[in-house]
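Student: Protein sequence lines, in the order shown, are assigned to chains A and B. Mapping to this note's numbering: the first sequence position 219 is 219, numbers consecutive. Basically this note's numbering = 1-based index in the second sequence + 1000.
In case anyone wonders, no lab produced these hints; they're calculated from the structure. Since the structure is predicted, the reported quantities are computational estimates derived from the model, not experimental observations. All residues carry an ideal CB built from backbone N, CA and C; glycine is no exception. There is no bait here: all hints are sound.
Have a look at the derived ranges for each label pair, beta carbon to beta carbon:
id, chain 1, residue 1, chain 2, residue 2, range
1, B, Gln-1134, A, Gly-128, 36 to 44 Å
2, A, Ile-16, B, Gly-1169, 34 to 42 Å
3, B, Arg-1026, A, Gly-128, 34 to 42 Å
4, A, Gly-142, B, Glu-1010, 53 to 61 Å
5, B, Gly-1129, A, Arg-233, 37 to 45 Å
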Amino acid sequence: MSRPSAAGLPEEYLRIGTSSFSDFAAQVAPNVLPGARHVSAGVADLAPHGTTIVAATFPGGVVVAGDRRATMGNMIAQRDIEKVFPADEFSVVGIAGAAGIAVEMVGLFQVELEHYEKIEGAPLSLVGKANRLATMIRGNLGLALQGLVVVPLFAGWDVATEEGRIFSYDATGGRYEEHAFFAVGSGSVFARGSLKKLYRPDLDAASVTMALLQALYDAADDDSATGGPDLARRIFPVVLVATADGVQRVTDSQIADMVDVMVAGRRQRPDGPAAPLT
Amino acid sequence: MSTPFYVAPEQQMKDRADFARKGIARGRSVVVLHYADGILFVAENRSQALHKVSEIYDRIGFAAVGRYNEFENLRTAGIRYADLRGYSYDRTDVTGRGLANAYAQLLGTIFSSGGEKPYEVEIIVAELGPTDSQDQIYRLTYDGSVGDENGFAVMGGQADVITEVVRRGFRPDFGLAEAARLAVDALASDGGPTAPRREIGVEALEVAILDRARALPRKFRRLRAERLTELLSSGTEPVDEGHEAVPALPPQSVPETTLPTASGPAGSGAADASAPPAS
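Excised from the complex, chain B in its bound form:
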């Protein structure tokens, strides 16, 4: 009589973990870094269309490494979770902690269920707090464990080497330019302390920030190549070009404007509409 294949649970979990870790280590890295006015996401990503970093909600950002189809699925689920919650309750009731918990449940269940292969992903959920000290960076691994990271988190590729570089250089009161330089420097030093630094052009970087200084409720914005070059070289912080209106019922904070008038005080030209147009 042949013995059925018996695999000890410890061995089974270890095999699954090794499988997931290998998948994650194959890709390029992502660095998420707290800075004085927000949270910075820097990913090495040559594609302009397939994002590793994304907006989930007003104050919540998402970064991922690993298999694209799996983390894209998680990203969509997160946006659905946040939008449904914000719509049913209120926008302020959507929290990073709630989202991190939901992700943890999902990843944990998939990892320990015998049938499916584990997700080969690692994700970061970062939430901008009202003040500097209340920013949260949650890091979730393939098995559903959650870590509340202090200041910065690195995942994917040669994460250990990059983490070491960030740890040495990191200061919580960094401005955006300093933080961005540190993150890019760390990504470039993934060959180890002895290997020469790689050159990473801005076109191979995907950079986004959760900007506490932004007046609008949606704090997430991407920094495109030309602004990034400016930021890295001269340290000039990019001005917020975003002007999307606030999707909110009153009380709302729509940007205000005073219309230019062709002649004299507001509207006096049109008060007598029978007069020919001033313009």
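Excised from the complex, chain A in its bound form:
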């Protein structure tokens, strides 16, 4: 005999099976999920876009930094947007692309990881988390084809292998592990070029952070959609660091001090620190 439908918890809630929140939500309330809606071409012009995210590993973990600008066409939609979030205890997700969809996706990803952890009693592995995010991006392909592309960058401390790791994605949900450093978003080309010259695997957390700030500065220098440090309003990049101690946010005051040092250096040499020729 089938279970009578209960007012509080319908039958789907009691069905054994998935530990995934988005799979469950797709059964009982598909309307709350991103990707379930249909949009027509051209809607992309209505949505603000987030820009550059950079990440780099160091011996004790990984640092992720993002600029603070969102653009809508040639306009600046927001100058203090935050695009780097902790996904859970040991991982960080940064987002570039259509800001509305991206923020929604990060919210869903956070619930997804917490949900799994509560139901299973243990967290997902770092690669498991990265794969889960890939599935969610794949679900967004329909919207991506309409111009609402979301390109995240996922990084975290791998508790099993005891190292910081970085994963990048494409719009179709392809997942690629990156080594040493990576950047996504409109200014990523310039940021990556900058990091190529500045990054060394033996840098410590503070030095890697400085390299990332330099890379964001270089991105903002050549890409109009990436925001440089706003010295008048004191709006500086968001920097999260994932280590064996979990995810922590570097204090605004420390970032402000580092930016001041960097900008002072740029006054002497506007193109930033020079790498040796050989």
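Since the structure of chain A is provided, determine the placement of chain B on it from the hints.
Tutor: Okay, now just chain B, sitting in the frame of chain A:
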């Protein structure tokens, strides 16, 4: 002509209730206790993997006795209910009262439907309030009735005997150590006032707290064996080793850090990146 089996509704309900009660009384007990800075869950449970106590949401904990597969099913349903609600609305819109109502509807429907056997479970939904006086402990029985318990609740096994011990010793302003000692003492005295006290080792206890003092939004944490030993013997309250980041969109309260720098003020070593690394 043979008379069809007629069972009076009163008898039918009573039989179902007796059946459920017997199942619940077979297991070991769980004590849920309010203390000054939160809510304490103590279960006698020899398994380290199969939990009787669990986290449902930021400020909501769950404890159960009875058949494992049935209360595990309820626990999963509760997490799904809370996560879906928190995702569709806001994290602050998930309440213990809402969850207790949903459970009550479900258990009540199953109990009074003729076809299925009733769930042999008893559960507690505890919610940490913003202040000491707003903590809520809801106790739900197999037939869907809900009780709003004041200060503490005991279920499973010899619940009556254990309740009596807790009632005698309970004070709402207990610290964590005092509350834990009372709960363990009560679980050990389940033979009745005349019987000698049993010895229950920390390895046979499952202990968790909803900790109001915790800075992070997820207030639930488990106390493992070594911390529990420390707590019960010396009364030193365990420090919060949890450091999970806040799964929240801005404004968020991620723990902050100042990075150690190898030389002088922050980042000065790397400002001139052509210099050799200081470390």
